[in-house]
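Since the structure of chain A is provided, determine the placement of chain B on it from the hints.
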Amino acid sequence: MKKLKIGDLEKIRDKVRRTANLRQGKAKAKITVHMGTCGIAAGAREILTNLMSEIDKKKIRDVIVTTSGCAGLCSREPMATVEISGKPPVKYVDLTTTKMKKILEDHVLKGNVVKEYALAVGSERTY
Amino acid sequence: MQDLSLHVLDIVENSIAAGAEKIKISINEDTARNKLILTIQDNGMGMDKKTLTRALDPFFSTKKTRRIGLGLSMLAQATKEANGSFHIKSKKGKGTTITATFMHDHIDRKPIGDMTKTLMTLVATQGLDVDFLYKHHKNNYTFIFDTKTIKKDLKDIPLNNSEVIKYLRNNLKKEFKKLDERSNK
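So the sequence lines, in the order shown, correspond to chains A and B.
Residue 38 in the working numbering sits at position 38 of the first sequence; the count goes up by one each step and never skips.
Residue 176 in the working numbering sits at position 176 of the second sequence; the count goes up by one each step and never skips.
Next up, chain A with everything else stripped away, as it sits in the complex (with noise of 0.2 Å):
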């Protein structure tokens, strides 16, 4: 692959500038998939292959998605962490595509935690 097509840059360029506006502001949620040794080996990389296809399929542009390294719980990998902005993060375990899709379409889209599929709710008390 040495060089891109001046008429595919194009077409991107195109495709590009009609969403521009939408990406305009900030980004309203991240999301994290580990991606240690141990979260790739329990299948992070699907996840996150899904979950950018989902993320382009619903048009979304206000989401950042990232990748971090092994956040110490290797048996509950592959995980997750979601940060809508001012809420406190949080992380789900045990995922896969299926319920990548339900966080991204429940919490990340409108706000609802996925209870049932998260390690645990709520910012840890401060003394």
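Hints in this document: simulated from the structure, not taken from any laboratory.
Beta carbons: idealized from backbone N, C-alpha and C, even for Gly.
A few of these clues could be false.
Partner residues aside, some chain B positions facing chain A, computed with beta carbon under 10 Å [stated by the list, open to error]:
#1 L6
#2 L9
#3 L56
#4 K64
#5 G69
#6 G71
#7 H87
#8 I88
#9 S90
#10 M120
#11 T121
#12 L154
#13 E163
#14 Y167
#15 N171
Taking CB as the label site, the calculated pair distances span [to be verified]:
#16 K151(B) with K30(A): 21 to 27 Å
#17 K11(A) with L52(B): 43 to 49 Å
#18 K58(A) with T149(B): 29 to 35 Å
#19 L119(A) with K63(B): 40 to 46 Å
#20 R13(A) with T31(B): 29 to 35 Å
#21 Q2(B) with T66(A): 20 to 26 Å
#22 D14(A) with K178(B): 35 to 41 Å
#23 D108(B) with S53(A): 31 to 37 Å
#24 D8(A) with G19(B): 38 to 44 Å
#25 R13(A) with K50(B): 47 to 53 Å
#26 H87(B) with K102(A): 40 to 46 Å
#27 K148(B) with T66(A): 46 to 52 Å
#28 T51(B) with K101(A): 52 to 58 Å
Below, simulated EDC-like cross-link-like pairs (lysine to aspartate or glutamate); rule was C-alpha separation at most 20 Å, straight line [as the list claims (entries may be wrong)]:
#29 K174(B) with E163(B)
#30 K173(B) with D94(A)
#31 K173(B) with D8(A)
Then chain B, alone, in the frame of chain A:
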């Protein structure tokens, strides 16, 4: 890990955690010499001699969350299972290079796997901060995927834009298909 593409993702995540900004991944399949050589080179923080000697120990890790570190040791194990070898070179402040060699047609040599998925995972999540150079050489055929030149071509469009990702994914799939067709001997 089921295949080499997952190992690559794992090791590159190490490089990113070590603060690398340039990561070179190369796969060389030489069927005449019956070898498959995987190298990953980064310009991260590197390791001092003491850390380097323990890097392949599964009960050693620098991360704080767990006291075990299986990534490198599992890749080293995979090379041994396929009659190969594993080398790691590192200099504090300069970066780390790993070389994993396998016997190409060994029955226990892990398949390469879906390298497109690994590369797209890396590009979509880390592509803005890290430059990836992927080079795949098979017999007399080579292809190169270089996010630095792609970024230059895209100018103001971010590399992790979903349209760009879709385009790159399709192109990579085509390149791997071409590699399979044209390198057969």
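Hints, verified against the model:
{"no.": "1", "hint": "L6", "in the structure": "holds, 5 Å"}
{"no.": "2", "hint": "L9", "in the structure": "holds, 6 Å"}
{"no.": "3", "hint": "L56", "in the structure": "violated, 14 Å"}
{"no.": "4", "hint": "K64", "in the structure": "holds, 8 Å"}
{"no.": "5", "hint": "G69", "in the structure": "holds, 8 Å"}
{"no.": "6", "hint": "G71", "in the structure": "holds, 4 Å"}
{"no.": "7", "hint": "H87", "in the structure": "violated, 20 Å"}
{"no.": "8", "hint": "I88", "in the structure": "violated, 16 Å"}
{"no.": "9", "hint": "S90", "in the structure": "violated, 18 Å"}
{"no.": "10", "hint": "M120", "in the structure": "holds, 7 Å"}
{"no.": "11", "hint": "T121", "in the structure": "holds, 6 Å"}
{"no.": "12", "hint": "L154", "in the structure": "holds, 7 Å"}
{"no.": "13", "hint": "E163", "in the structure": "holds, 5 Å"}
{"no.": "14", "hint": "Y167", "in the structure": "holds, 6 Å"}
{"no.": "15", "hint": "N171", "in the structure": "holds, 6 Å"}
{"no.": "16", "hint": "K151(B) with K30(A): 21 to 27 Å", "in the structure": "holds, 22 Å"}
{"no.": "17", "hint": "K11(A) with L52(B): 43 to 49 Å", "in the structure": "holds, 47 Å"}
{"no.": "18", "hint": "K58(A) with T149(B): 29 to 35 Å", "in the structure": "holds, 31 Å"}
{"no.": "19", "hint": "L119(A) with K63(B): 40 to 46 Å", "in the structure": "violated, 19 Å"}
{"no.": "20", "hint": "R13(A) with T31(B): 29 to 35 Å", "in the structure": "violated, 41 Å"}
{"no.": "21", "hint": "Q2(B) with T66(A): 20 to 26 Å", "in the structure": "holds, 24 Å"}
{"no.": "22", "hint": "D14(A) with K178(B): 35 to 41 Å", "in the structure": "violated, 27 Å"}
{"no.": "23", "hint": "D108(B) with S53(A): 31 to 37 Å", "in the structure": "holds, 33 Å"}
{"no.": "24", "hint": "D8(A) with G19(B): 38 to 44 Å", "in the structure": "violated, 33 Å"}
{"no.": "25", "hint": "R13(A) with K50(B): 47 to 53 Å", "in the structure": "holds, 51 Å"}
{"no.": "26", "hint": "H87(B) with K102(A): 40 to 46 Å", "in the structure": "holds, 45 Å"}
{"no.": "27", "hint": "K148(B) with T66(A): 46 to 52 Å", "in the structure": "violated, 21 Å"}
{"no.": "28", "hint": "T51(B) with K101(A): 52 to 58 Å", "in the structure": "violated, 41 Å"}
{"no.": "29", "hint": "K174(B) with E163(B)", "in the structure": "holds, 17 Å"}
{"no.": "30", "hint": "K173(B) with D94(A)", "in the structure": "violated, 30 Å"}
{"no.": "31", "hint": "K173(B) with D8(A)", "in the structure": "holds, 16 Å"}
Comparing the model with each numbered hint stated earlier shows that hints 3, 7, 8, 9, 19, 20, 22, 24, 27, 28 and 30 do not hold.
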